Amino acid sequence: MKKFCLILLAGVTLMTSCTSKGSLHNLATESLRESLYYPDQMKVIAISDPDSAFGINYFTRQEILGMLRTMKVVTDSIMVRTDNMTKFNPDDYYVISLADRQMKATSDIRDMLFKSERKGKWSGWKVKIDYQSIDHNGLKYRSERWTFIDKKGSNVLRTFDLPLP
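The opening residue of the sequence shown carries number 5 in our numbering; numbering runs sequentially from there.
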């Protein structure tokens, strides 16, 4: 009887942890879908396992370095496409869109770093989604969406996007 109870408890624990992961993925994906111009065109490239969040402005050193590397790759991509801005074309919607998304992400990152807090108490979950969609100009783009979810796994507290070249 004792073995049966332990197996039953392990099974219930496993099922609830999988359900939580799935519901967090669904909440993050639906939040993303609702924010897009063409939600039916969204393709999820990758989605991270939910990770513990310790505030909506706290990131690990590895996460911050990853964001900065991503932003450098985007800047390099713009510089290559515009020949270091010597051949900038204001009609190149790809560059304009990428630069616009990069400036917004840079502003978000700057705010996060200035408002950065020490690792506090557990505040919920964070999920990262790499996705592809179509912008308001009809151009395909790729991005990385960070979604912060409350402890109960029922509300999105904050999101921000990093452009991907």
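These aren't lab readings, by the way, just hints derived from the structure by calculation.
These figures come from a predicted structure and were not determined experimentally.
A few of these clues could be false.
Simulated pairs of lysine-lysine, DSS-like, Cα-Cα distance not exceeding 27 Å [stated by the list, open to error]: (1) Lys91 x Lys108; (2) Lys25 x Lys155; (3) Lys119 x Lys47; (4) Lys76 x Lys91; (5) Lys108 x Lys76; (6) Lys119 x Lys132; (7) Lys125 x Lys144; (8) Lys156 x Lys25; (9) Lys91 x Lys125; (10) Lys91 x Lys123; (11) Lys144 x Lys119; (12) Lys76 x Lys125; (13) Lys47 x Lys125; (14) Lys123 x Lys47; (15) Lys144 x Lys91; (16) Lys25 x Lys123; (17) Lys132 x Lys108; (18) Lys119 x Lys156; (19) Lys156 x Lys76; (20) Lys132 x Lys144; (21) Lys108 x Lys119; (22) Lys155 x Lys119; (23) Lys144 x Lys123; (24) Lys76 x Lys132; (25) Lys119 x Lys76; (26) Lys108 x Lys123; (27) Lys91 x Lys47; (28) Lys132 x Lys91; (29) Lys25 x Lys91; (30) Lys132 x Lys47; (31) Lys119 x Lys91.
Verification of the hints:
1. Lys91 x Lys108: Roughly 23 Å separates the two Cα atoms, so the pair holds.
2. Lys25 x Lys155: Given pair Lys25, Lys155 holds - Cα atoms ~13 Å apart, limit 27 Å.
3. Lys119 x Lys47: violated (32 Å)
4. Lys76 x Lys91: holds (20 Å)
5. Lys108 x Lys76: Cα-Cα ~14 Å, so holds.
6. Lys119 x Lys132: It holds: about 20 Å lies between the C-alpha atoms, which stays within 27 Å.
7. Lys125 x Lys144: With a Cα-Cα distance of about 39 Å, the restraint between Lys125 and Lys144 is violated, given a limit of 27 Å.
8. Lys156 x Lys25: Distance ~12 Å between Lys156 and Lys25 Cα, so the pair holds.
9. Lys91 x Lys125: Given that 27 Å is the threshold and the Cα spacing comes to 49 Å, the pair is violated.
10. Lys91 x Lys123: violated (45 Å)
11. Lys144 x Lys119: Distance of about 32 Å is beyond 27 Å: violated.
12. Lys76 x Lys125: violated (32 Å)
13. Lys47 x Lys125: Violated, at about 34 Å.
14. Lys123 x Lys47: Violated, at about 33 Å.
15. Lys144 x Lys91: holds (22 Å)
16. Lys25 x Lys123: Cα-Cα ~23 Å, so holds.
17. Lys132 x Lys108: holds (18 Å)
18. Lys119 x Lys156: holds (24 Å)
19. Lys156 x Lys76: It is violated: about 35 Å lies between the C-alpha atoms, which goes past 27 Å.
20. Lys132 x Lys144: Distance of about 20 Å is within 27 Å: holds.
21. Lys108 x Lys119: holds (16 Å)
22. Lys155 x Lys119: holds (21 Å)
23. Lys144 x Lys123: Measuring from Cα to Cα gives roughly 37 Å; hence the hint is violated.
24. Lys76 x Lys132: holds (19 Å)
25. Lys119 x Lys76: holds (22 Å)
26. Lys108 x Lys123: holds (25 Å)
27. Lys91 x Lys47: violated (32 Å)
28. Lys132 x Lys91: violated (35 Å)
29. Lys25 x Lys91: violated (47 Å)
30. Lys132 x Lys47: holds (14 Å)
31. Lys119 x Lys91: violated (37 Å)
The earlier numbered hints that this structure contradicts are 3, 7, 9, 10, 11, 12, 13, 14, 19, 23, 27, 28, 29 and 31.
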